[in-house]
Amino acid sequence: MQSIGEAFHLALSLVLSGEADLYEIVGLSLRVSLSATVLACAIGLPIGALIAVSRFRGRGLVLIVMNALMGLPPVVVGLLVYLHLSRSGPLGFLGLLYTPGAMVFAQTILIVPIVAALSRQVLEDLHAEYAEQFRSLCLSRWQSITTLLWDGRYALLTVGLAGFGRAVAEVGAVIIVGGNIDHLTRVMTTAIALETSKGDLPLALALGIILLVLALGVNAGVQALRMTAARQAHV
Amino acid sequence: MSDLPITAVPPVARPRDEAAMSRPLLPLRVSGLRLAADGAALLDGVELSLAPGGCTVIMGPNGAGKSLLLKMLHGLLVPSGGEVSWNGTSAAQATARQALVFQKPVLLRRSVAANLDFVLKARGRDRSRRDALLREVGLLHKARQPARLLSGGEAQRLALARALATDPEVLFLDEPTASLDPASVLVIERIVGAARDRGTRIIFVTHDVGQARRMADEVVFLHRGRVAEHSHADVFFPEPRSQPARDYLAGRIVL
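Read top to bottom, the protein sequences are chains A and B.
Okay, so the first sequence: first residue is 1 according to UniProt numbering, each after it adds one.
Okay, so the second sequence: first residue is 1 according to UniProt numbering, each after it adds one.
Derived lysine to any residue pairs resembling SDA-like cross-links, with alpha carbons at most 25 Å apart:
no., chain 1, residue 1, chain 2, residue 2
1, B, 104, A, 154
2, B, 104, A, 150
3, B, 142, A, 225
4, B, 142, A, 227
5, B, 104, A, 131
6, B, 142, A, 228
Since the hints were made in silico from the structure, they are not lab data.
Whenever a hint applies, use it, and build me the whole structure from the sequences.
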């Protein structure tokens with residue numbers, strides 16, 4: 001067992017060495033989590049927008065459920081997806097279990113409620129500003145939704161970022177449905193959990209450092225984009 | 001006023017009555033129009049008839065119900081009672097043939113040109129008219145600029161261009177120059193005057209007596225949710241018949 005200082009030094013060397021295995025894990029993590037984020041946005045943003053512009057009986061209950069689902073426990077989602085994708089499950093014929101596809105599936109389910117709930121709030125605020133103008137122009141519900149999604153696009157980047165953050169940092173669901181198989185379904189979080197349990201702290205730390213740098217980098221990129229948009233008064 | 005607990009018309013496609021669509025919207029008949037919120041009557045039995053052509057200025061003290069009346073005539077608010085009939089067409093069905101310029105322009109988070117493109121596309125109008133409309137309101141040189149960086153006067157001119165892009169038969173203006181400098185006010189008045197000369201029926205809410213004198217062919221004076229006076233401008237300004245209108249024009253507080 002090395003000291004934290006030694007482990008940190010070794011981790012930095014590993015990051016800078018360009019070790020293929022390390023970057024394979026990083027690459028898979030990004031592919032899985034970005035795919036899940038894109039899918040979750042494709043599903044969650046229209047749901048959020050539809051609820052933002054709609055008034056119906058039971059809307060309050062829908063909002064409560066949607067907000068509650070933001071806190072879905074990843075292991076529970078992993079278990080449910082596992083049961084559906086296992087050979088005897090209803091989606092077993094897809095043959096997705098223990099593949100990156102299953103991990104994307106699980107992460108998408110985890111972050112759809114986050115994207116839907118947060119985008120609903122963003123778009124409802126925007127709709128409050130636009131609603132009378134929309135009614136004056138006799139826009140259809142579909143035209144209202146697409147206009148809100150386009151005009152709220154920079155604010156919605158933060159929503160996507162929240163979803164990506166949840167996906168890339170999540171371990172419980174992907175370890176159940178992916179199995180943490182080397183060179184196939186091993187991602188940063190599952191590798192960190194495994195290497196820590198094996199006592200290989202430099203590799204775990206190296207992955208942790210990369211995860212943090214990625215999170216910071218993505219956040220900085222989105223923030224820069226939002227600031228540019230704000231200067232052009234598009235936010 | 002949008003935070004009032006009163007019913008807004010939901011954004012749904014309205015059935016088209018082809019016969020009604022082919023009729024001119026004027027004359028307008030408003031009978032017994034009421035709007036209540038939390039037990040208080042905001043509009044209380046408004047009776048009004050408007051003939052085709054010209055500019056009607058709606059005046060009155062704060063809280064008289066001018067903006068609410070405008071929104072009900074435009075079909076944005078559902079009345080608690082009474083009727084609005086645009087030559088036999090309901091207010092809700094007439095909305096698509098009208099346009100409203102709000103006191104605070106609501107501009108999309110896009111360029112000046114894209115704001116106009118949006119309306120032209122949404123209302124199925126010829127998009128090649130965009131530059132001509134921008135030229136008319138003096139904003140062609142700012143077409144590529146973000147709309148929300150425009151000054152107050154420019155933003156209102158863009159809102160006006162957007163309203164005119166829909167070729168409205170009736171153009172409502174809700175205190176469109178309330179916070180603008182005198183030069184911008186005159187530009188807005190010139191554009192509205194040109195629309196009136198082209199045959200667009202203008203219904204204009206203002207607190208500015210000078211502006212009302214310049215713009216009005218007739219004046220509707222509202223007081224406590226009712227029409228206190230409806231006169232030709234040549235009659236209203238020199239000899240208002242109602243006491244609230246006399247007090248208002250004399251600069252006295254109208255309760």
